[in-house]
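K.L.:
Residues per chain, in single letters:
Protein chains: 4
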Amino acid sequence: MLRFALFGAGRIGAMHAANIAANPRAALHSVYDVHRPAAEKVAAAHGATVAPSVAAALADVDAVLIASSTDTHVDLITAAAKAGRPILCEKPIHLDIQRVEQCRREIAGLNVPVQIGFNRRYDPSHRAVRDAVHRGEVGPLELLVITSRDPSLAPMEYMKVSGGIYPDMTIHDFDLARFILGEELVEVYATGSIRVEPALAQLNDVDTAMVVMKAASGALVHINNSRRAVYGYDQRVEAFGAKGMVQSDNRRATTVRRSTAERTDARDPLLHFFIERYAQAYVDELNDFIDAVEQKRAPAVGFEDGRRALILADAAWESTRSGRAVQVRYD
Amino acid sequence: MLRFALFGAGRIGAMHAANIAANPRAALHSVYDVHRPAAEKVAAAHGATVAPSVAAALADVDAVLIASSTDTHVDLITAAAKAGRPILCEKPIHLDIQRVEQCRREIAGLNVPVQIGFNRRYDPSHRAVRDAVHRGEVGPLELLVITSRDPSLAPMEYMKVSGGIYPDMTIHDFDLARFILGEELVEVYATGSIRVEPALAQLNDVDTAMVVMKAASGALVHINNSRRAVYGYDQRVEAFGAKGMVQSDNRRATTVRRSTAERTDARDPLLHFFIERYAQAYVDELNDFIDAVEQKRAPAVGFEDGRRALILADAAWESTRSGRAVQVRYD
Amino acid sequence: MLRFALFGAGRIGAMHAANIAANPRAALHSVYDVHRPAAEKVAAAHGATVAPSVAAALADVDAVLIASSTDTHVDLITAAAKAGRPILCEKPIHLDIQRVEQCRREIAGLNVPVQIGFNRRYDPSHRAVRDAVHRGEVGPLELLVITSRDPSLAPMEYMKVSGGIYPDMTIHDFDLARFILGEELVEVYATGSIRVEPALAQLNDVDTAMVVMKAASGALVHINNSRRAVYGYDQRVEAFGAKGMVQSDNRRATTVRRSTAERTDARDPLLHFFIERYAQAYVDELNDFIDAVEQKRAPAVGFEDGRRALILADAAWESTRSGRAVQVRYD
Amino acid sequence: MLRFALFGAGRIGAMHAANIAANPRAALHSVYDVHRPAAEKVAAAHGATVAPSVAAALADVDAVLIASSTDTHVDLITAAAKAGRPILCEKPIHLDIQRVEQCRREIAGLNVPVQIGFNRRYDPSHRAVRDAVHRGEVGPLELLVITSRDPSLAPMEYMKVSGGIYPDMTIHDFDLARFILGEELVEVYATGSIRVEPALAQLNDVDTAMVVMKAASGALVHINNSRRAVYGYDQRVEAFGAKGMVQSDNRRATTVRRSTAERTDARDPLLHFFIERYAQAYVDELNDFIDAVEQKRAPAVGFEDGRRALILADAAWESTRSGRAVQVRYD
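Protein chains in written order, with our numbering: chain R, 1 to 331; chain B, 1 to 331; chain U, 1 to 331; chain P, 1 to 331.
For the record, the hints were derived by calculation from the structure and aren't laboratory data.
On a predicted model such as this, the values are computed, not experimentally measured, just so you know.
Positions of the beta carbon are idealized from the N, C-alpha and C atoms, including for glycine.
Heads up, a few of these hints could be off.
[Said to hold, decoys possible] Derived, one-sided and incomplete: chain P residues facing chain U with beta-carbon distance under 8 Å:
1) V230
2) Y231
3) T260
4) A261
5) R263
6) D265
7) R267
8) L270
9) P299
Could you put the whole structure together from the sequences, leaning on the hints where they help?
P.N.:
Set out below in structure tokens:
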């Protein structure tokens, strides 16, 4: 039974709390949030305690789950690592790659498992695409197309501190591409437009973007993003190679199809957002983390994966600003 | 080059005329219709002559296509057979099985090819289902489900002489079942309701029907019919057996799918009716008839197939009226 | 918090136990099974006690869930009703309609809620079909087609006491038809074949069946059943009416589609069986039962629904044996 | 009745010849090919004459269809325009934009209709996507994704004179993007890999490519290409905007779906290549050209469309070689 301290009691923190509470191998011991009433609410829902401080939270648990705001991640990772607590941390590690590098150095010798919350790797459908690719089912991979569109823009307050579309949203797609490819991306081109929210211009951000990347083997990757898909959270992957194609499609609440005089086979809107679409993925992610801790093995999605996805996000911004394909180095 | 006389210049006759005219191995020589202006119009469209009489039409051609009203079929078949002209005749042979038996006797020794126009056997998708079944792809056939719904009711004038739903509409499905099964049906249960047009009550007809049949092997067959599907002409077949299932689906004008906030993946209405859905089937049916004539072989869909489908239609009416499953005999 | 006694600790009992344990409004208090080790195992998994007798089990709980063998249902219902315990009982109530009638009389005045476990009513997709029909989305219902095929035959030992295909398997479809129609079925025709397991001949049972029913309004219903679908548990509903059609389709483990030189868009096999396909339905069923108890309202799926489905199953056997459509009376 | 001279009697010329011959408003008068036996064969198939020279071919017809090798297009366009013959010319106009500009100048004042054979504009499904976009069905267009993959590489002899992937293959997608967008593309990024045929390295060509383009409005366009899709000719379009999404999918020979123990709903391979997939488009293209000539209006797909698609193809090569997004100018 792994006793968890949860950092961050917002929407995603509350979801993780429920998953921990429902997991027979885990228990929610304590909750910490700078906004104490949020911590109290989540703690109360699952019979956990409210930790008065980070230090207190770290003192008496077996593992930590970090779901607080992005700017707190590296400090919490460092503190938890120094306390010897295995860490499951939401993405991204940090928006500033320098802070990520510094954190990497600080925790380097501590030998504490760190797993980054790239939930999509645990989606059964995306995972099946990856498994098919790795089994050689499509032959050498030649084209990978990732469609990734949010149902709606987050509030402007969040957008201001989000780091922009690439480290905030596309970062999941960068990681998913690496996961499926099984090799590194060496070149990134990205471009974007403001098509949803004009106020993003003040943030030098975009809400609609396209990325093309090249892997070491020459395989090409495309990602397209929008911050607003009215028909729901659109998450698809298409892997194409010498022997064929494997695609993962969206999920809907039902399998119902409706036919009328105007149209046939109309289906439900897509599941609304990540909480709904990746519900099972979050459960499986937690189980995989617990497995790693119990088996004393490295987590499947490590700190280095979080770092590399951020390097790709930075390269995407550099490309968007320069209009050039950017060569990527990870050392 | 097979020169055809066409009997009947209505909607379906005009379609056959166009197919004959476009076929490089056929020519439309003459058109006969009791309503002479109709014959003139179709003949003019394809540079054919108007035949002044049935005898004249039969005098100087290589083959006949009979697309006149149902009550004229047996007389025309008999006349054409006596004139030694190969015959492609629209279904049904006749509504009265006694007239069919009489016709059978009259043409018995004449050795003239007669093909009945069961167009659905030539639909590429239904045919692929049959081929899969006959190749053993689904293993021994256990369940066969045929969905067959018209877009709208024909005019009451036509309904009055149609013979009712089973010989007029379901007869196609009876034939398709025999085609796919590759064995004979031995038992028929049928029931119906009036759900579309109350005036059908005066004709002792129904517009909504369900049939269950048993084949000699024990395979079970279901047919469901409606005279009005607002989303288009609904024509599907599902063959299920020990090794799996093969299904044929409908066709649409495009492959487009539309997604909005209300629904996703909505497709076009189905192709409107038999002229659209079975356009290719009518072309292939004609080619197969020409092949049979040229190769001096029996047509693939013979007089006996037309007769047996009518026996099944009669059994369906008997069952609907008695509430009992009817044992079918073909001798 | 509703404390449950569970009767029956077999496969389906174990599943119900897990659902009760995971439900925040329920607790698994005790487990009873004539085979005590089974009860012990399930009880241990959820920290419940093993009840030494039925009476003991009924003594100290708020509700009972009956998942024991079919022949014990009416006695347990009667005992629990006399003890004043709300009851959620797996289908069927009993195989013998006389025993059902007797049970009905015995519990008539006791005013204890009894819910029958027709899980399919809670499947989100089938339920959406029913909701669409009841909202009038397809207009007056004209045709209802239910496809219901098990992945494989149960062991012969079970088959011997199953009551045969109609009360054992089709009973779910009878109930689903009533649920979607919102009106009573007045006529039943059924026929079957042995296509899967020849040994069923000794049981006078069949493994492949087709049913056609007529509702009071004239709406027609078709059910087709097989005891062996190699591609998975096939559960589909199609409701057709004056304004269109609504269909519920199967579920698969992923949304993946695979394309190779031989075939395109190939999807996963269907979810294996009821435990997988109706996992969510069982959870929702339990919640609806708890709602009914808490709100002191009648359960949505009552004893009378169980009784009527059995009357239809009996009518199906009568029809299969007589070859006649059977008029159904429920009084 | 428009009498055509056909230039080029290869595979695509033969197809156009058949379409002209089958069109009731057109006649194939003569065929010219530098390889005379090819001309003879096509002419014989449709009762046309073999033209001894270009001049002879132009002398006595109402229109010309140019389906000869790419390097002959501008000379034939110029000659036909000077002879006052309306022109339907296969894409591309020429591989060298200078030759295109020169041709443009030479035919500028002649006022002869020139239509470029961008067949995909006439595909009913792609066209429906465009119509939906232009009707505002998806709102302001934000993302356009074009998947375009050939079934197999052409022979190396052809590849050597093809101009490479962008003017040879992607040019169709450039035109389709312009057609759907209804506005001009202002920026092009392209990159490619050799994944299919290593020998392409000697031609400085690629066989696998990705393009990202930006339109004047900020709408983003992605194209992905492969020279080898083993499952058939893959041609899909996805238009996404503020109000939803419209997608066109591929076509198959049948609508059949197959389910076995290993997989469900497997469909046919895609139609093999452009001759099969765009069969109807070629017919409609010809009809639209005849309409334009008869109605004395400009063709819907003009010389300028051919020129702009080539400018985009050139920009794609420039981008692939420089690693930069290229700003596009059309003046």
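K.L.:
Against which earlier hints does the structure fall short, listed by number upward?
P.N.:
9
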